[in-house]
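Number of protein chains: 4
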Amino acid sequence: MDIDKIKGLDEKERELFKYDLEIKKIGSRNFLSPLTKDKKIYKSQMVPENERVLAFIDKSVVDTLKSKGVDIPSFEKAGPRENLFFEPGETVSAIVTCGGICPGLNAVIRGIVVMNHYRYNNQRTLGVSYGYAGLVKELGYEVKYLNPANVENTQLRSGTMIGTSRGDQDPVKMVDRLVELGVNILYTIGGDGTQRGAMAIIGEIQKRNLKISVVGIPKTIDNDINYIERSFGTETAFSEACSSIDSAYTEATSIHNGIGIVKLMGRESGFIAANATLATNQIDFCLIPEMEFRMTGEGGFLDLVEKRLKKKKYCVIVVAEGAGQEFVSDPQNLKYDASGNVKLGDIGVFIKDKIGSYLKAKGVEHSVKYIDPSYIIRSCPPTPNDSIFCSQLAQMAVHAGMTGRTGMVVGYVNGQFIHIPMELATSKRKKIDINGQLWLSVLEETGQPPVI
Amino acid sequence: MDIDKIKGLDEKERELFKYDLEIKKIGSRNFLSPLTKDKKIYKSQMVPENERVLAFIDKSVVDTLKSKGVDIPSFEKAGPRENLFFEPGETVSAIVTCGGICPGLNAVIRGIVVMNHYRYNNQRTLGVSYGYAGLVKELGYEVKYLNPANVENTQLRSGTMIGTSRGDQDPVKMVDRLVELGVNILYTIGGDGTQRGAMAIIGEIQKRNLKISVVGIPKTIDNDINYIERSFGTETAFSEACSSIDSAYTEATSIHNGIGIVKLMGRESGFIAANATLATNQIDFCLIPEMEFRMTGEGGFLDLVEKRLKKKKYCVIVVAEGAGQEFVSDPQNLKYDASGNVKLGDIGVFIKDKIGSYLKAKGVEHSVKYIDPSYIIRSCPPTPNDSIFCSQLAQMAVHAGMTGRTGMVVGYVNGQFIHIPMELATSKRKKIDINGQLWLSVLEETGQPPVI
Amino acid sequence: MDIDKIKGLDEKERELFKYDLEIKKIGSRNFLSPLTKDKKIYKSQMVPENERVLAFIDKSVVDTLKSKGVDIPSFEKAGPRENLFFEPGETVSAIVTCGGICPGLNAVIRGIVVMNHYRYNNQRTLGVSYGYAGLVKELGYEVKYLNPANVENTQLRSGTMIGTSRGDQDPVKMVDRLVELGVNILYTIGGDGTQRGAMAIIGEIQKRNLKISVVGIPKTIDNDINYIERSFGTETAFSEACSSIDSAYTEATSIHNGIGIVKLMGRESGFIAANATLATNQIDFCLIPEMEFRMTGEGGFLDLVEKRLKKKKYCVIVVAEGAGQEFVSDPQNLKYDASGNVKLGDIGVFIKDKIGSYLKAKGVEHSVKYIDPSYIIRSCPPTPNDSIFCSQLAQMAVHAGMTGRTGMVVGYVNGQFIHIPMELATSKRKKIDINGQLWLSVLEETGQPPVI
Amino acid sequence: MDIDKIKGLDEKERELFKYDLEIKKIGSRNFLSPLTKDKKIYKSQMVPENERVLAFIDKSVVDTLKSKGVDIPSFEKAGPRENLFFEPGETVSAIVTCGGICPGLNAVIRGIVVMNHYRYNNQRTLGVSYGYAGLVKELGYEVKYLNPANVENTQLRSGTMIGTSRGDQDPVKMVDRLVELGVNILYTIGGDGTQRGAMAIIGEIQKRNLKISVVGIPKTIDNDINYIERSFGTETAFSEACSSIDSAYTEATSIHNGIGIVKLMGRESGFIAANATLATNQIDFCLIPEMEFRMTGEGGFLDLVEKRLKKKKYCVIVVAEGAGQEFVSDPQNLKYDASGNVKLGDIGVFIKDKIGSYLKAKGVEHSVKYIDPSYIIRSCPPTPNDSIFCSQLAQMAVHAGMTGRTGMVVGYVNGQFIHIPMELATSKRKKIDINGQLWLSVLEETGQPPVI
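Chains as they are written, first to last, in the numbering used here: chain A, 32 to 483; chain B, 32 to 483; chain C, 32 to 483; chain D, 32 to 483.
These are calculated hints, taken from the structure and not from any lab test. Just so it is clear, the structure is predicted and the values come from calculations on it, not from any experiment. Treat the hints loosely; a few may be bogus.
A pair counts as met if it fits within one copy or between any two copies, since identical chains are not told apart.
Mimicking EDC-like on lysine to aspartate or glutamate, the simulated pairs with C-alpha atoms at most 16 Å apart in a straight line are [said to hold, decoys possible]:
hint, residue 1, residue 2
1, Lys74, Asp464
2, Lys344, Glu173
3, Lys344, Glu183
4, Lys343, Glu183
5, Lys459, Glu299
All chains should be modelled from the sequences, with the hints used to inform the complete structure.
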């Protein structure tokens with residue numbers, strides 16, 4: 032059946048049909064989980080081996096598929112299984128954190144250690160130093176054993192207690208190291224680059240026919256990993272950003288015709304900017320990468336700012352770092368960082384300068400205060416709600432790892448933890464749906480027109 | 032078809048079939064929404080009049096229903112509709128807040144005012160003083176007009192800017208007052224008692240054949256309203272509770288055999304206690320109303336505390352106020368407050384005393400530190416994430432109200448805003464599913480046995 | 032000269048003349064400080080050996096003394112000295128924390144460790160476990176070496192990383208242990224009971240003619256140690272109390288005739304209550320141990336509350352735990368805790384009940400919300416300003432210890448760090464001067480009459 | 032006597048002798064203060080009309096002066112006086128805030144309003160809009176009456192509720208406006224520029240022989256006003272800066288050879304940087320305007336950073352914006368802002384770039400994270416301790432104003448509130464004494480050498 036011929040599906044919905052949503056396992060031994068055997072949890076809390084969760088829940092979509100005789104796609108549900116592939120008590124795990132830091136990394140690390148130690152009786156959990164670099168023996172970084180004592184309260188601090196780094200490493204060398212260390216399960220905490228690195232490791236593992244599982248925990252402060260409704264750290268980031276916005280608001284409202292501008296993280300997706308806008312209720316304009324906007328002309332951004340200023344005597348603007356890149360970077364001449372990310376042009380300073388010169392030319396007395404909190408919003412401790420999410424991600428990851436599942440990341444869809452194939456998770460960046468609920472709320476809150 | 036005969040459904044699933052999930056409207060005029068007319072949002076953001084969202088997403092449930100030929104129940108999706116019943120620009124709204132205060136009340140109030148003023152051009156939004164009492168004219172409380180200026184930044188403070196009170200009032204008098212004030216839509220922000228009061232008002236409205244809509248916004252810091260996955264203020268409450276837990280942890284770990292006990296809100300449902308436990312990762316035992324536990328005997332609570340103390344030299348306990356009521360209140364002789372809630376026995380002090388005397392009798396030197404943050408966790412400003420939720424609840428409520436929908440509350444299921452009939456929302460209290468994901472996470476995190 | 036005959040001096044001023052304000056040293060070897068030798072600081076930052084700071088600065092007092100030919104009393108100035116008694120690089124220190132925990136304890140501990148390690152090159156600093164109990168060998172607590180690595184970032188957490196306990200121990204046993212451990216300097220961090228314990232240790236040291244210094248760092252969350260203008264942790268405590276007050280204010284202003292009551296620490300001195308009152312600007316009445324007040328009668332407390340309620344429709348009250356003890360405890364029948372402190376009657380609950388019954392009897396509809404943050408205000412991390420103070424106290428203590436000074440605590444008078452003999456520091460409790468600036472500010476802020 | 036010939040005095044001490052420390056009054060009517068008349072405070076809390084406080088308290092200085100027969104200089108003590116010049120109940124006040132915003136402005140404004148309203152029964156307190164500009168009638172800004180209701184809880188927010196602006200205005204026009212508004216006392220809240228503006232206004236008042244008092248409240252987030260030991264907002268600023276430092280520390284310690292740099296406010300004085308350094312205990316180097324430093328060469332800054340990095344694998348640096356200006360600005364070509372302040376070169380970015388290129392040239396793999404919190408640290412609410420200070424400054428200012436004192440600011444010396452002539456306060460900038468206690472503590476804490 033040609034899914035592209037079914038009417039009433041949007042691009043996102045079609046996309047799912049292109050992927051195999053089954054999760055691979057590296058083998059089929061059967062150890063009984065100590066969770067039920069030792070009665071650590073209720074037996075009824077175990078998840079049936081093949082339970083799945085619907086990917087779509089809007090009735091119109093469901094009905095369309097039904098009428099065409101197509102099954103609704105579904106994801107494997109996360110959670111503890113009765114039968115394990117790896118032997119509880121004997122399994123060796125390793126944890127690696129890659130890329131930029133993100134609130135909650137230590138909470139995830141701690142969670143994995145505690146789950147291994149207390150719930151699956153595995154006393155050996157290794158912390159790999161400084162990202163994938165720590166898996167390359169010749170670079171000389173040490174590996175340290177983690178246990179409940181040395182991870183205690185680390186969840187209260189941001190950063191990563193085991194260190195991180197950017198960039199790829201040779202999968203051959205990394206698998207050599209995993210073998211040398213006797214690792215059974217590798218937990219890769221990182222963004223899409225990291226998970227692509229994990230897939231390379233898996234490729235090498237398969238080549239050697241090893242019984243090593245690789246389970247990913249998606250980390251993206253921008254909340255832009257595909258099919259991960261919610262990412263740890265994003266809530267913390269936009270919560271922390273609220274102080275910067277309040278500062279900009281306070282500056283702007285303390286002077287005549289004050290304009291406050293805050294630049295926030297968000298390379299390709301504006302979740303932090305949009306959520307911070309909704310959380311503060313102090314924003315007049317929110318600019319994100321997903322939207323296009325004109326600077327000049329009637330109804331262009333500068334014109335709208337001037338009008339808002341005339342009406343309210345102040346104006347507060349949030350701009351995601353990836354917004355309006357056409358104004359500040361030359362597509363012919365892009366530069367990249369060690370992780371392979373494009374170096375962005377500085378849209379915040381651009382907007383600040385343009386507003387200043389525009390209003391000056393118009394003879395409008397004003398004052399612009401520009402705030403760029405930069406790393407501040409990612410190097411703070413996780414909010415309690417994020418902390419919970421980290422604990423649960425860690426629990427789900429260890430449950431999955433112990434069953435021998437591999438090549439998957441722990442995802443979150445329709446309010447449920449699920450398993451997502453790494454291929455799907457890394458297939459493309461998740462973005463704010465300009466037609467969806469979140470952006471609707473932003474438009475309604477700010478009163479900015481949908482088309483600028 | 033007899034739903035009770037279908038196998039594979041749990042009680043919660045069966046329950047849904049007993050209710051009519053359609054939402055009533057008070058009439059059928061058709062004003063074009065200014066949201067599309069004035070291009071305030073993208074046209075594609077409008078929700079189709081009859082869009083619905085599946086109530087169940089576990090594939091096993093869906094398949095069971097399908098195999099029996101039963102349709103999956105669904106809820107009406109919330110959001111802006113193209114056609115309105117009330118005339119934009121002319122509609123008069125009133126807002127009332129009832130019961131105990133809850134973080135985010137002002138954010139919801141502000142949200143309704145801003146939506147009316149800017150999005151639907153309605154300049155008249157009334158704040159009813161001190162709950163339903165403010166709708167009884169003879170009590171003499173004033174009604175005040177709310178506008179964007181006088182609600183500005185109120186979202187940054189907790190409490191309710193319009194005041195609240197407990198208890199019922201005469202629906203006849205309240206409807207008299209609504210008519211006198213020319214109110215078209217009444218927004219009732221409160222718990223199940225408040226929404227039952229709203230149903231009484233609706234009954235009186237129907238009796239008089241009036242065209243007044245009543246739309247509820249569920250408020251329950253305990254997160255215990257049926258079919259409301261998430262309630263505003265709960266995240267703030269458990270986030271704020273984390274400081275108290277950290278205090279108890281700090282006290283307990285600073286002395287030899289220190290025991291920290293924190294009592295948290297949670298009359299019939301332990302969501303605050305369970306979430307705070309997961310968020311802090313500092314808890315040894317979490318006691319909630321949904322679980323039974325023995326105090327004495329091998330494997331009883333006191334025995335478990337002693338063992339944990341012996342192992343770790345400290346122990347930190349969270350107890351929800353409604354837990355273990357069989358130990359502290361006489362079912363023959365219950366007392367009630369003005370809202371009709373049972374006055375609970377003090378389980379926190381009970382546990383504190385019992386642990387003290389038990390360990391003393393055993394000759395175990397120790398020190399117990401007891402913390403009861405009480406109102407502290409509900410009278411703080413909303414977390415940014417709660418604040419967003421409040422803004423969105425307000426948006427959804429006004430969208431629903433303007434279409435003439437009535438007798439419903441704004442709900443949240445499977446990650447989506449929906450409309451829920453007041454009957455269903457007030458049918459019973461939502462509780463933590465002892466077999467579900469949240470409690471599983473708590474057991475895994477604390478290591479407490481499922482049966483105590 | 033009979034100081035009591037000089038007019039114009041108040042009791043506090045006279046008192047100083049009764050004490051020898053010279054600080055004792057245990058001997059007179061002369062090692063050159065590495066601070067100047069290794070050029071770790073500017074030479075000009077060294078404090079002259081005998082520099083002193085005036086105890087009185089009001090010109091009227093100074094003039095009175097001058098006219099009588101009496102010298103103005105002065106305290107020895109704290110700070111680094113050029114000549115040391117103990118050999119840098121070879122000195123062994125021990126740190127003990129006693130009594131209840133207080134914000135900043137870890138910052139002081141860390142400060143001493145860092146000063147020893149980096150500035151005086153002393154690699155051996157011992158942490159005594161669980162207070163004076165840890166100095167009694169037979170109790171079996173271990174002693175652990177502290178170094179910059181294992182104290183890193185501990186200043187960010189409250190509590191005490193080395194543990195604490197209440198009560199006295201046998202000085203003979205404690206000195207035995209100091210000798211066994213080879214300790215040269217003992218730093219005693221604690222309140223007046225702790226410093227009296229330190230004097231007992233010094234007595235035993237003198238008896239044996241040992242060369243061990245004992246330097247105290249005053250710890251009193253109530254800020255009630257004599258001649259210590261400012262105590263670490265007090266600012267944190269009253270800062271943290273502000274949230275509780277804001278909660279009480281929020282509760283009180285959200286209901287009709289709401290009354291919020293907050294009970295705060297302050298056994299004999301009301302510094303926390305008074306400062307929190309000034310910091311929040313939300314308080315109508317502040318009750319402290321230093322003031323007497325009537326409950327009943329015209330102009331009594333209940334009457335004043337009723338009048339304030341009539342005027343403002345809400346009322347917020349702060350009461351220090353030691354206020355109004357005549358109402359709640361029987362002087363004939365006092366009870367004591369392990370530290371020898373009187374167990375206080377619960378004035379908070381008393382006031383709450385009395386207000387309730389008084390207003391009920393008067394037919395005044397109202398609602399009382401009572402908040403007792405208890406340990407919450409002492410088990411939180413130090414404010415940055417407190418943290419600075421802790422770092423400086425630690426620096427001053429180590430400077431003093433290395434010179435062989437003993438029997439002294441580090442004090443703070445007229446904005447300067449000084450040395451105070453333990454006898455003077457423990458001679459009596461410092462209280463709020465009812466005629467002084469702080470209480471004046473409270474009366475002006477709250478508008479409560481000076482006499483109730 | 033030639034003060035310059037007395038040995039043992041430093042520059043600061045000599046300076047005081049050059050100024051008349053007496054405070055001027057505009058006249059000598061005698062109204063009895065309602066504070067004692069209406070028994071609002073204890074009579075004993077009134078300050079004797081001529082009470083003074085010693086300016087010097089180090090015994091060596093006092094003895095030197097005494098031996099030369101010179102009186103110790105003293106400041107007039109602040110506080111309520113029994114006799115007033117202005118009639119209580121009838122006095123009209125105006126408040127103006129000038130220059131950049133500073134935490135606590137609203138607390139000071141609120142304090143003045145409350146003191147006037149409740150303590151001196153003055154119902155008319157005017158808020159001047161947008162700084163001195165608001166006193167120039169033709170600019171058209173409105174003046175609004177302030178009262179306890181409309182200033183309630185404003186102290187919880189930063190910024191200035193009455194607005195501010197930079198720059199001078201014509202004193203003739205401003206006095207015209209004061210006369211027109213019937214103002215008796217003008218409270219000028221601002222820095223040295225603002226107080227110089229106030230002196231110009233006083234000049235014009237004297238020229239016209241008017242009975243208008245002008246009382247200044249020194250505002251300087253940099254804490255750099257002469258003879259003001261402590262300025263409101265500074266504690267808040269350095270407290271808030273701690274988060275940025277913790278972020279930089281977290282970033283730096285999460286990567287191999289991570290370097291965190293934080294640029295903080297401090298144009299000519301490094302109080303914020305120095306205090307934040309002490310408060311966090313996470314800093315390796317603190318650079319301030321008061322110190323000179325070399326970038327290159329053995330023992331230069333870059334060399335020191337490299338060595339610290341080699342030792343610890345990370346390095347965290349705080350730099351005040353005014354430090355090392357010789358590296359980043361051309362003294363021949365300085366630029367100025369509207370307040371007449373020099374536009375500083377960007378030392379933060381300079382240092383960041385230099386470290387990067389230096390280490391790169393040396394082949395040291397590393398990563399630099401740069402954080403500039405900018406306005407974030409000044410637009411946050413005051414800490415509780417700052418809030419208290421603001422309340423007290425406001426109380427002292429109103430006490431002074433009501434007695435007819437003029438041409439003075441409220442100061443704080445040796446832990447006491449005092450009156451300082453505007454001439455002295457604006458005579459020069461206060462700086463960190465490189466030989467004093469604060470910088471000593473910084474050197475001891477960071478371990479950076481005194482000479483770089």
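To see whether the hints hold, each was checked on the structure:
1. In this homomeric assembly, Lys74 and Asp464 come within 16 Å of each other (Cα to Cα) only across copies, at 13 Å, whereas the closest approach inside a single copy is 40 Å.
2. For the homomeric pair Lys344 and Glu173, the shortest alpha-carbon distance between copies (14 Å) is at most 16 Å, but the shortest distance inside one copy (58 Å) is not.
3. In the homo-oligomer, the alpha carbons of Lys344 and Glu183 lie at most 16 Å apart only across protomers (15 Å), although the nearest pairing inside one protomer, at 50 Å, exceeds that limit.
4. Taking the closest pair of Cα atoms, Lys343 and Glu183 come within 16 Å of each other only across two copies (12 Å); inside a single copy the shortest separation is 50 Å, beyond that limit.
5. In this assembly of identical chains, the alpha carbons of Lys459 and Glu299 lie at most 16 Å apart only when taken from the same copy (11 Å versus 44 Å across copies).
Consistency note: the structure conflicts with none of the earlier hints.
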